[in-house]
Amino acid sequence: MNEPAADHPGIDALCDLDAGLLAGTPGEADIQAHVAGCASCADFIALLATTREQLAALPAVPMPPDVAERIDAALASEATSDQSANDESAPATVAGVTPLGSARSRRPRWVRGASAVAAGIALLVAGAVGVDALTAGNEKSGTVSGAAEGNSAPNDRAQRDTGSARNYTSATLADGVRALVGDRNIAARPPQPKSASPPLPLGAQPDAVGPPDLRRLRSPAQLASCVAELTGRAGVRPLAIDYATYDGEPAVIIVLPDADPAVVQAWVVGPGCSTGNPDLRHREVVPRTG
Amino acid sequence: MDGAPEGVVTGAPAADSDLELVRAHAAGDPEAFGELVRRHRDRLWAVALRTLGDREEAADALQDAFISAFRAAAGFRGDSAVTTWLHRIVVNACLDRVRRRAARPVAPLPETGPDEPAEPRDAMGERDIRLAIDGALARLPIEQRSAIVLVDIHGYSVAETAVILDIAEGTVKSRCARGRGRLAVLLAGIRNPDPPSDVEKPGVES
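Listed in order, the protein sequences are those of chains A and B.
Just so we're aligned, residue 1 is where the first sequence starts under the numbering used here, counting upward by one.
Just so we're aligned, residue 1 is where the second sequence starts under the numbering used here, counting upward by one.
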């Protein structure tokens, strides 16, 4: 009012001043002096204070009973499938053959339907080029949300969870990891010398392939504690998992998101990876595009 | 602003029993996780609802988050308080949803339009202000909104919010600062029946 409008600091600068973000900066004193003599800017600062008060005064919103019931039911269902997964883990995978039904039953109900259908179709055409076109839709969401550093979706089994039985080496890891997270057509790639059987479609039957030494890490809880050991915190969701070998030794390739979206972190761990023991064999940052 | 809820950063008394519940759940106690959920679900619900601005989406996100926490609990190492860990999972579930629906505009909470005050301006009661705030919140970019929800609405410290959102403390402060400014501008027209034109001049003219 008293001074020309052009002298006003911007709204952002006033917000920063209000939040104490300008403390110690050269501009702080100037803006403070301006606000002290400018009614409109002082009003805006007061408005910020009022806004903060109103936000703090918003009432609590208890969870509605129907939502609470729904979540209780989902957790009960999860507890049941968790229990059956434990029951099944012993007899499974002698020669790497797990009945599809029991492998599927570890998925929560709402994932199971879709992936069972996809897996069924995929098995019919296993080995054929183009299998991934059928599953790419599912995997895309898993990859995207994982890249966003999410750690919580119920479809976390939609991450690329493969048991390729490939033998990775330090020379081939980067390409292999890019294939896991980026290339929709990994199943159609020329198999590595070691994988004599037809490549399995991604996610079709992850419990049935891969070295048996890695069986323990197929448990979501065990895998989660391994990942937590690597990252130092719980809840990071891998972009891709491959039960494979590294330099000829059984190893799990765990691909994690990085703060830099242009790269991913490739962790190679042995069968012992768990809380307190990463059993780390190799670690590498891999650019998403090679 | 730093009036953190109990036990979140440094682990006050309540955090220990949360941790015991997590450990019990990991050890196979079938009741433990349900107790943990019951203990914190109201607060987590409020965070999800205000972050997403949509009841159904918030319910979906919370369900996703609790399932995820159920599975991940075995790997919880106690580096942060259990409540921080739970909030982190819930907020990430919310952000996941927002990013997936990025093409769609954010839906405001029911009962209010994003652009219009729900009542004539001179009749703004407390409830209408709340609705207006919800509507204005829905118009913030998700990065600002999630920070404002945690710090300004739910009273988490900047430090804990930084852990929950996995960003630097300075980033939390600046997102809150800018988000507040935006809210203030959005709400100004509602709050002041005849807003003096100079209220908005600073941003326009500089």
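Calculated directly from the structure, the hints in this document are not laboratory data.
For glycine and all other residues, C-beta sits at the position ideal for the given N, C-alpha and C.
One should not assume that every hint holds.
So, partial list: chain B residues that the calculated Cβ filter (under 10 Å) puts toward chain A [stated by the list, open to error]:
1. Arg43
2. Asp54
3. Gln63
4. Trp85
5. Ile89
6. Asn92
7. Asp134
8. Arg139
9. Val151
10. Gly155
11. Ala159
12. Ala162
13. Cys176
14. Gly179
15. Val185
A quick look at each hint next to the structure:
| no. | hint | verdict |
| --- | --- | --- |
| 1 | Arg43 | holds, 8 Å |
| 2 | Asp54 | violated, 12 Å |
| 3 | Gln63 | holds, 5 Å |
| 4 | Trp85 | holds, 6 Å |
| 5 | Ile89 | holds, 4 Å |
| 6 | Asn92 | holds, 5 Å |
| 7 | Asp134 | holds, 8 Å |
| 8 | Arg139 | violated, 14 Å |
| 9 | Val151 | holds, 9 Å |
| 10 | Gly155 | holds, 7 Å |
| 11 | Ala159 | violated, 15 Å |
| 12 | Ala162 | violated, 13 Å |
| 13 | Cys176 | holds, 6 Å |
| 14 | Gly179 | holds, 9 Å |
| 15 | Val185 | holds, 7 Å |
When the structure is compared with the earlier hints, violations turn up for hints 2, 8, 11 and 12 and for no others.
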